[in-house]
Amino acid sequence: MQNDLLYIGIFMLIALFIPGIAIVIAGVLGPKRPAPIKNAAYECGIETVGETWVQFKAQYYIYALIFLVFDVETIFLYPWAIAYNAVGIWAVLEAVLFIFILAGGLGYAWRKGALEWQ
Amino acid sequence: MNSFLTDPIGFLILWFYSVLRGWNLPEDLVVLIAFVVGAFTLATLSLLLVVFLIWVERKIGGRVQDRLGPNRVGPFGLIQPVADMLKIFTKEFITPDGADKVAYNLGPILAVGAVIMIWAVVPFGITLYGSNLNVGILYIIAVGGIGTLGIIMAGWGSNNKFALLGAFRAVAQLLSYEVPMVVSLLIPVMFAGSMGLNEIVRAQTVPFIVLAPIAALIFFISSIAENGRAPFDLLEAESEIVAGFNVEYSGLKFGFFFVGDFLHAFTIALLFSVLFLGGWNGPGADSMPILGFVYLMIKTSLMYFLGLLIRFTLPRFRIDQMLALNWKLLVPLSLVTVSLTAIVDKLAMNNIWVRVIVLLLVNLIIWLSLQEIMERVYRSRPPRRTVNYPRLKPEADEPVVQPETPAA
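Those protein sequence lines, which keep their order, are chains A and S. Take the first sequence: its letter number 42 is residue 42 in the working numbering, and every next letter is one higher. Take the second sequence: its letter number 292 is residue 292 in the working numbering, and every next letter is one higher.
Be aware that one or more of the hints could be misleading.
What the hints assert, rightly or not - If you only want the chain A side, here are some residues facing chain S, beta carbon under 8 Å, derived:
1. ASN3
2. TYR7
3. ILE18
4. LEU29
5. ILE101
6. GLY105
7. LYS112
It is worth saying that the hints were derived from the structure and are not from the lab. Cβ coordinates follow ideal geometry from the N, Cα and C atoms, glycine included.
Working from the sequences, and respecting the hints, build out all of it.
Below, the structure written as structure tokens:
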């Protein structure tokens, strides 16, 4: 197990290292001639107006919140799924009850109109 | 019992270990060196594969759309991606004014790195895997989140409103589709009783796609969406937000988003084969690991080809359609499928054929009731507003009405 995690750690570092080093090499190989017009933000030839990092639709937050609820709660289902072959029918029914509570949350969000794109 | 003919790569690995041990190094150091070399080889191979995948994708894409595809550089245009790569390596990096440098430069690296990281746990054969991590599936989901982060960073760091819009869409899409994917992945874990990918493959005496076709379908759709390809390519919609999150990138930084994209398309085919199509299972794979590798590659190529066909055939969703498909169809469907499969599989006797028949029946029932519900929903909707366009040509059986000529 420790060896597995060691391998994963090494692999993750290498997976980030290879693209990183490739970009550095490409940066050395390529020309470097910055110019004000070249560096301007690309907006189809029109000069950009105002701040870029503007406020954005609250809708995105709502989806992110629903996602958070689901993702955190499905993580709780994984230990159950691993033990699935070992547990009896009641444990399965309890997990299904848990899934139904999740579905209830989804139904609530649906009913409240959080899933409508406005 | 490894011999060079039945398991060449496992043989090489053992040989490498024996060479390292022959130098009288401490055992920890041997393992460390072997891991670094192994990880480096696997990551490099996955990136080299991209060179080939670019050719495959452009060629098949060309054929699907009735074009020739690359056919000038080398036989069948095989050297074309190499030429493209050389060109992109020598291009200038244009950094837009006011960009958030850290996020801007980290974006493409994370986008590629996250996809390569998945390869660490994929079992290519009985002996042929990077690491048999016992939480493999959780690891894949977690690493997938890093890829999303890369895209968001790229869009946010570019100091461009179109890029920011692409990043917003990425948040909405990539996060949303992770939910049905995670839920549908519960089913293979449930059947195998483990999150290790090698155990999941070993448990598939009958491929899980037979036991859970709907879960497989949900996984396939949501992983295409995670990949951000047509019909789910809203985050890089050229015609709506010029190019989305990668509009301010140039040179290799731009290229790396597409390296990540191409590699991800192959990786989801690989994962689908491992999780639902039986991975390296096949006749004779136990005694000849290299055969298992061949089986896995055949299955993966089929799924990859299917993904390409979908990509080059279907038009893009609108953002509300994309979100509705996820939250109003795939998420409830996956929750229902998981609960019904869990209950029924528990009730079914441990006989494999009983399980197959009963589970197929359950999936069929879910599918039919889904169709019924969908039909009712569509019938209850207000009829679409029709627009009477002026007809250019009268239909055949329609009397041609002559405009009245004013009397002279």
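Results of checking the hints against the structure:
no. : hint   : in the structure
1   : ASN3   : 6 Å, holds
2   : TYR7   : 4 Å, holds
3   : ILE18  : 6 Å, holds
4   : LEU29  : 5 Å, holds
5   : ILE101 : 11 Å, violated
6   : GLY105 : 11 Å, violated
7   : LYS112 : 12 Å, violated
Hint compliance for this structure: hints 5, 6 and 7 are not met, and every other hint is.
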